[in-house]
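Whenever a hint applies, use it, and build me the whole structure from the sequences.
Just so we're aligned: the sequence shown equals residues 1 to 154 in this note's numbering.
Simulated from the structure, these hints should not be mistaken for lab results. Keep in mind that the hints are not guaranteed to be accurate.
Unchecked claim - Straight line, CA to CA, 27 Å or less: simulated BS3-like cross-link-like pairs of lysine-lysine:
id: 1; residue 1: K114; residue 2: K87
id: 2; residue 1: K126; residue 2: K144
id: 3; residue 1: K59; residue 2: K141
id: 4; residue 1: K111; residue 2: K149
id: 5; residue 1: K106; residue 2: K149
id: 6; residue 1: K87; residue 2: K152
id: 7; residue 1: K152; residue 2: K141
id: 8; residue 1: K111; residue 2: K152
id: 9; residue 1: K144; residue 2: K111
id: 10; residue 1: K149; residue 2: K126
id: 11; residue 1: K141; residue 2: K66
id: 12; residue 1: K87; residue 2: K141
id: 13; residue 1: K106; residue 2: K59
id: 14; residue 1: K149; residue 2: K87
id: 15; residue 1: K111; residue 2: K59
id: 16; residue 1: K144; residue 2: K87
id: 17; residue 1: K110; residue 2: K87
id: 18; residue 1: K114; residue 2: K144
id: 19; residue 1: K110; residue 2: K141
id: 20; residue 1: K126; residue 2: K114
id: 21; residue 1: K59; residue 2: K110
id: 22; residue 1: K66; residue 2: K111
id: 23; residue 1: K106; residue 2: K126
id: 24; residue 1: K106; residue 2: K152
id: 25; residue 1: K144; residue 2: K106
id: 26; residue 1: K110; residue 2: K66
id: 27; residue 1: K59; residue 2: K87
id: 28; residue 1: K111; residue 2: K126
Keep in mind that this is a model prediction, so the values were computed, not measured.
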Amino acid sequence: MKKILKTIALSLILCMVPFHNVKALENNTSYIEEIFEDGSYIEITIHEENTNARSSTTKKKTATYKGSSGTVYWSVTVQGTFNYDGKTSTCTSSSISTANYSSTWKLSNKKASKSGNTASASVTAKQYHSNGTTVLQTINKTVKLTCDKNGKLS
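This is the structure we're talking about:
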């Protein structure tokens with residue numbers, strides 16, 4: 001009987017783990033920021049992780065470039081650390097990370113910066129013809145993550 005109860009308890013615990021991860025994903029805020037003439041678009045995601053921080057937080061915001069069918073080609077993420085106290089907020093650090101999922105896109109001029117209560121990351125994305133010589137399009141993208149005096153991010 002004890003073995004059966006242990007098995008049931010372990011099964012319940014294992015079933016709860018995936019739901020916890022799904023719940024963490026539900027806190028992300030995503031929206032389409034820009035749609036291009038060919039139907040491709042840039043989707044913005046603010047990554048919200050549950051923390052108990054009361055005066056400091058580190059968060060990420062990602063711009064993802066997708067084709068008209070939803071295929072992901074590249075992304076740029078800014079990570080910012082902020083201090084806030086209900087009266088003011090300050091960005092204390094900013095960093096950039098990029099991901100490239102296509103051989104026809106090249107990412108360059110990667111730069112992270114901070115100013116006041118904003119962390120920024122910028123990148124130049126160029127799409128080349130499959131022969132690698134002709135530039136088909138260029139997208140200069142800057143992602144800004146701002147923290148208000150109460151720790152709310154946008």
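* Asked: Keeping to a limit of 27 Å between CA atoms, is the pair of K144 and K111 held or broken?
  -> holds, 12 Å
Holds or violated: K59 to K141, with C-alpha atoms at most 27 Å apart: holds, 19 Å
Within 27 Å, alpha carbon to alpha carbon, are K126 and K114? Holds: K126 and K114 sit about 25 Å apart, inside 27 Å.
Under the criterion that the straight-line Cα-Cα distance not exceed 27 Å, is the pair K111, K149 satisfied?
-> holds, 26 Å
task: Measure nothing beyond the straight line between the CA atoms of K144 and K87; if it is 27 Å or shorter, mark the hint as holding.
output: The hint holds at about 21 Å.
- Task: Take the C-alpha atoms of K87 and K152, compute the straight-line distance between them, and say whether it is at most 27 Å.
- Result: Holds - the C-alpha atoms of K152 and K87 are around 13 Å apart, at most 27 Å.
Review point. Holds or violated: K111 with K59, Cα cutoff 27 Å?
Key: Holds - the C-alpha atoms of K59 and K111 are around 17 Å apart, at most 27 Å.
With a cut-off of 27 Å on the C-alpha distance, tell me whether K144 and K106 pass.
Within the cut-off at roughly 21 Å; holds.
Given pair status - K66, K110, alpha carbons within 27 Å:
Holds, at roughly 19 Å.
**Prompt:** Are K106 and K59 close enough, with their CA atoms no more than 27 Å apart?
**Reply:** holds, 26 Å
Self-check item: Pairwise hint evaluation, K144 against K126, where the allowed Cα distance is 27 Å at most
Solution: Cα-Cα ~21 Å, so holds.
Verify the proposed pairing of K106 with K149, using a straight-line Cα cut of 27 Å.
-> violated, 37 Å
Of the numbered hints stated above, those contradicted by the structure are hints 5, 10, 12, 17, 24, listed in ascending order.
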